[in-house]
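Student: Once you've looked at the hints, dock chain S against the given chain Y.
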Amino acid sequence: MDILFISKYILVIAIIILMLAVLRASAYKSTSMGLLGSSVIVNAFALVLLVGGQIYNLQFYRDISLALIFFGFVGTIAFAVTVGGEDK
Amino acid sequence: MIEIIQSVLLIIAAFLIIVSAIGLISLSKDTKNVVYGRIHIVGLFDIACIIAMIGLGQYLLAGIYFILAPFTAHAIANAYWKKEDRENNVDLMTVEQEVDENHPFIHPKEKMQALESENSEKLKADDRFSVTTIEIDEGE
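Protein chains in written order, with my numbering: chain Y, 2 to 89; chain S, 957 to 1096.
So here's chain Y without its partners, still in its complex pose (with noise of 0.2 Å):
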């Protein structure tokens, strides 16, 4: 097998131990770790959807890990303003 396959998977399990220690970390009582782990969730999924997409030779779904990444950047700085609130 092709090394750059392998390591293609190998970066895939990475990022699912990843996402299993993130849940169990945003668990914790304050908000805003609930929102860094949404935050991480979505960036992981998106670096999952680019390696799926060049593992399986499909080009579109690069365009949606852009998608998701500059969305859930956009989301989670709206939430973060909005549970900080206003300057004083």
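Just so you know, these hints were derived from the structure itself, not from any lab. Treat each hint with caution, since some may be false.
Said to hold, decoys possible - Here are the simulated lysine-lysine pairs, DSS-like style, with alpha carbons at most 25 Å apart:
no.	chain 1	residue 1	chain 2	residue 2
1	S	Lys985	Y	Lys30
2	Y	Lys30	S	Lys1067
3	Y	Lys30	S	Lys1039
4	S	Lys988	S	Lys1039
5	S	Lys985	S	Lys1038
6	Y	Lys30	S	Lys1038
7	S	Lys1039	S	Lys985
8	S	Lys988	S	Lys1038
Computed from a predicted structure; not experimentally measured.
Tutor: Only chain S this time, still in chain Y's reference frame:
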């Protein structure tokens, strides 16, 4: 040769992701400033993502993510500091007590200080407290 470089980058990214996962789990809840520590660990995951994107040949995505990730971390830390950080933020340490103004015995401290300070120039130390007597006729 290019495939080997890509594979090395992907394996480095996978290693960093595993390290960040272990770090996220190993921080206990009782650790001081644990949320900031976890935000810091997520920064490691962000860099691993950028390395993986470079390894996959998506340079534009890596550049966008490289710019956006610090904003996300800062926004979350800022929100936590403003509303939930009771260890460090002085404004969140004071607990506001609801005082019933109609209570006959308990009065707010600020109100009493304001009452004292209104006539403080006129009142001397001996005249500050006045004694009133009520005449009670026991015969009635």
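Student: For every hint, state whether the structure bears it out.
Tutor: Hint check:
1. S:Lys985 with Y:Lys30: holds (9 Å)
2. Y:Lys30 with S:Lys1067: Outside the cut-off at roughly 37 Å; violated.
3. Y:Lys30 with S:Lys1039: holds (13 Å)
4. S:Lys988 with S:Lys1039: Distance of about 17 Å is within 25 Å: holds.
5. S:Lys985 with S:Lys1038: holds (20 Å)
6. Y:Lys30 with S:Lys1038: holds (16 Å)
7. S:Lys1039 with S:Lys985: holds (19 Å)
8. S:Lys988 with S:Lys1038: holds (17 Å)
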